[in-house]
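Sequences are here, hints too, so could you generate the full structure?
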Amino acid sequence: MAAAISLRRSSCRLLLTRFHNSATLAGQRGGATTTTTTRWLETIAYEELRAHPEKPYTSTAFFIHGFLGSSRNWRSFSRNLLASLSNSSLSSNWRTVMVDMRNHGKSAERKLDPPHDMENAAKDLADLVKAEGWRWPEVVIGHSMGGKVALQFLQSCSRGEYGDSALCPKQLWVLDSVPGEVNPLNSNEEVRDVLRTLQSLPSRIPSRKWLVNHLLGLGYSKALSDWIGTNLKKVDDHETWVFDLQNAQQMFDSYWEKSYWNLLENPPKGTEIIIVRAEKSDRWDEDAVERIQKLANREATESLGKVSFSLLPNSGHWVHVDNPKGLLEILAPKISSL
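Sequential numbering of the sequence shown, starting at 1, is according to the UniProt record's numbering.
Keep in mind that the hints are not guaranteed to be accurate.
[To be verified] Listed next, the in silico BS3-like pairs over lysine-lysine satisfying Cα-Cα at most 30 angstroms (straight line):
{"id": "1", "residue 1": "K233", "residue 2": "K222"}
{"id": "2", "residue 1": "K306", "residue 2": "K294"}
{"id": "3", "residue 1": "K325", "residue 2": "K306"}
{"id": "4", "residue 1": "K111", "residue 2": "K233"}
{"id": "5", "residue 1": "K170", "residue 2": "K233"}
[Said to hold, decoys possible] What follows is a list of derived Cβ distance ranges for each label pair:
{"id": "6", "residue 1": "G270", "residue 2": "S310", "range": "18 to 26 angstroms"}
{"id": "7", "residue 1": "L90", "residue 2": "S310", "range": "20 to 28 angstroms"}
{"id": "8", "residue 1": "P206", "residue 2": "S310", "range": "38 to 46 angstroms"}
{"id": "9", "residue 1": "A296", "residue 2": "K209", "range": "44 to 52 angstroms"}
{"id": "10", "residue 1": "P115", "residue 2": "K233", "range": "24 to 32 angstroms"}
{"id": "11", "residue 1": "W261", "residue 2": "R72", "range": "25 to 33 angstroms"}
{"id": "12", "residue 1": "H238", "residue 2": "W134", "range": "33 to 41 angstroms"}
{"id": "13", "residue 1": "K55", "residue 2": "N266", "range": "32 to 40 angstroms"}
{"id": "14", "residue 1": "E132", "residue 2": "N262", "range": "28 to 36 angstroms"}
{"id": "15", "residue 1": "E299", "residue 2": "P53", "range": "50 to 58 angstroms"}
{"id": "16", "residue 1": "S337", "residue 2": "W210", "range": "44 to 52 angstroms"}
{"id": "17", "residue 1": "G270", "residue 2": "W134", "range": "14 to 22 angstroms"}
Everything labelled a hint here was simulated from the structure, so no lab data went into it.
Just so you know, these numbers come straight off a predicted model, no measurement behind them.
A virtual CB, placed ideally from N, CA and C, is assigned to each residue, including glycine.
Written out as structure tokens, the structure reads:
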């Protein structure tokens with residue numbers, strides 16, 4: 001059964017009330033005055049898909065896109081995942097929530113507090129859950145930078161940073177994202193080169209065609225140039241970026257620097273962390289692969305969660321584009337087992 005799409009864009013804002021106590025002037029009654037200030041905390045934008053929108057959902061999977069991506073990158077794959085989950089179990093009713101990370105997609109239009117790093121990008125997920133009054137997601141799936149945001153979400157959740165009511169996901173999927181610090185010798189230097197190029201462009205882009213031709217002239221591939229062109233939006237007589245380039249740069253720096261090896265060595269009880277490596281990806285070095293394989297092969301203990309390692313064949317870094325069928329065959333059976 002095909003999943004029905006509900007393009008529900010969140011407009012929810014979380015009301016924060018802060019109380020400030022200060023000493024009164026001598027002789028004033030009460031000894032202290034209390035002032036109250038309120039402000040609205042905006043949450044990130046998202047799209048929601050349900051296999052059976054007419055029925056209450058029973059379980060939730062979050063999707064977190066990669067750097068300079070958006071929620072729509074995972075819309076087609078989410079449909080196929082929901083259809084597969086629906087066919088495998090008549091009693092469960094899954095939904096997927098595809099978020100726009102801060103400074104990306106529709107979330108770029110919202111005022112989200114700095115710093116723009118992995119910690120706050122993960123906290124945005126927790127704020128969204130709280131603001132919408134949702135149950136905590138059973139599954140969180142992150143691709144590339146989104147994989148590290150997912151790991152940060154699990155780490156903060158397990159440490160109680162989101163409050164006593166927060167529950168760690170049962171499964172956390174990290175799709176072609178090395179959990180340690182980024183090796184400066186790998187292809188992420190290409191991303192930095194792209195960022196420098198984008199920062200050199202005028203803020204008002206004449207057209208998508210102009211941008212693609214300009215990038216081709218600089219030596220970028222047709223595929224990469226076309227993909228960068230999908231990040232434009234029409235404003236009056238010109239195009240501009242759907243993301244906040246300066247703040248996104250800060251997020252990339254944080255992504256580059258953060259390491260979650262300690263989390264993989266000590267996964268919280270009740271959670272399985274599944275690392276999926278794309279066979280043709282150039283993001284991995286031998287040390288990282290061997291380290292994850294050792295963690296996945298170690299003997300299980302009752303006090304810790306589990307780490308698994310899967311290889312997606314015939315795929316480069318863009319796993320949902322290069323081999324969506326193979327990726328579905330990895331994710332769907334394991335998720336349906338919950």
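> Checked against the structure, which of the hints given earlier come out wrong?
Replying inline: Checked against the structure, the hints that fail are numbers 5 and 15, while the rest are satisfied.
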